Amino acid sequence: MKYALRGITAEELNYSVNRIKMDRNTKFEIKPQFSRTIRKVQENDKLYFVALEVKVESTEAEPKPFNLKARLVGIFEAEDVNTDEDRQVLAISTTEIVYPYLRAVVSSLTANAFINPLILPVIPAGTMFPEDRGEQPSKSFDSPDVLN
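Each residue of the sequence shown is one higher than the one before, starting from 0 at the first, in numbering that gives the first Met the number 0.
One should not assume that every hint holds.
[Said to hold, decoys possible] Calculated cross-link-like contacts (lysine to aspartate or glutamate; reagent style DMTMM-like; alpha-carbon spacing at most 20 Å):
1. Lys1 - Glu84
2. Lys39 - Glu84
3. Lys45 - Glu11
4. Lys26 - Glu52
5. Lys20 - Glu78
6. Lys30 - Glu56
7. Lys68 - Glu10
8. Lys39 - Glu78
9. Lys63 - Glu52
10. Lys68 - Glu56
11. Lys1 - Glu61
12. Lys30 - Glu59
13. Lys1 - Asp79
14. Lys54 - Glu10
15. Lys1 - Asp85
16. Lys20 - Glu61
17. Lys39 - Glu52
18. Lys39 - Asp85
19. Lys20 - Glu56
20. Lys1 - Glu95
21. Lys1 - Glu56
22. Lys68 - Asp85
23. Lys39 - Glu95
24. Lys54 - Glu28
25. Lys39 - Glu76
26. Lys30 - Glu52
27. Lys1 - Asp83
28. Lys63 - Glu28
29. Lys63 - Glu10
30. Lys68 - Glu11
31. Lys54 - Glu95
32. Lys45 - Asp85
33. Lys45 - Glu84
34. Lys68 - Glu28
35. Lys39 - Asp131
36. Lys54 - Glu11
37. Lys1 - Glu76
Read the hints as simulated data drawn from the structure, not as lab findings. Note that the coordinates shown come from a computational prediction; the quantities given were computed from them, not determined experimentally.
Please work from the sequences and hints to get the whole structure.
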């Protein structure tokens, strides 16, 4: 199997401040939620779109000082993706390529909002999503959607 990144784009970048009352020493637990969608282009069976998204959302139970949503889409050309194993390798590999861009966008977006930058953790390839680890996906994650 061969694959190559052909392009990357920011599909959605959103940051909004939540005006919440807080004590001076209040610590917020920021729990980013990640999702991924992989789609094969029907008109060109060599093209794949890999969308990675991260969200930080404030709730009444868990208030956050801001809401954030960032979704990047990587466009990949891949050949010889024939088996489920090939599709899993492609999903993990393309995620590994797009994720550093997502980390950079989130850090830049929050820094440009004049707050302490949110720096997403470095996550080893193959461990980010439950299905990459051979587990059933949890409800908070989208499982890969590879169209044949």
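Distance restraint between Lys1 and Glu76, which requires alpha-carbon spacing of 20 Å or less: holds (8 Å)
Can you confirm whether the C-alpha distance between Lys63 and Glu10 stays at or below 20 Å? Not OK: Lys63 and Glu10 at ~24 Å, beyond 20 Å, violated.
Has the given pair, Lys45 with Glu84, been kept, meaning a C-alpha gap of at most 20 Å? The given pair, whose Cα atoms are some 17 Å apart, holds under the 20 Å limit.
Does Glu84 lie within 20 Å of Lys1 when you go C-alpha to C-alpha? Judged against 20 Å, a Cα distance of about 14 Å means the pair holds.
Does Glu84 lie within 20 Å of Lys39 when you go C-alpha to C-alpha? holds (16 Å)
Just to be careful, I want the Cα atoms of Lys30 and Glu56 compared with a cutoff of 20 Å; is the pair within it? Holds, because 9 Å separates the two Cα atoms, which is no more than 20 Å.
Holds or violated: are the alpha carbons of Lys39 and Glu52 at most 20 Å from each other? holds (18 Å)
Could you grab the alpha-carbon distance between Lys30 and Glu52 and see if it respects the 20 Å cut-off? Distance ~13 Å between Lys30 and Glu52 Cα, so the pair holds.
Regarding the pair Lys45 and Glu11, is the alpha-carbon distance no greater than 20 Å? violated (25 Å)
Does the structure keep Lys68 and Glu11 at a Cα separation of 20 Å or less? holds (7 Å)
When you check the alpha-carbon spacing of Lys68 and Asp85, does it fall within 20 Å? Roughly 30 Å between the alpha carbons, so the hint for Lys68 and Asp85 is violated.
Below or equal to 20 Å on CA atoms is what counts here, so check Lys54 against Glu95. At roughly 18 Å apart (the allowed maximum being 20 Å), Glu95 and Lys54 satisfy the hint.
Violated hints, listed in ascending order, are 3, 4, 5, 11, 21, 22, 29; each of the other numbered hints is respected by the structure.
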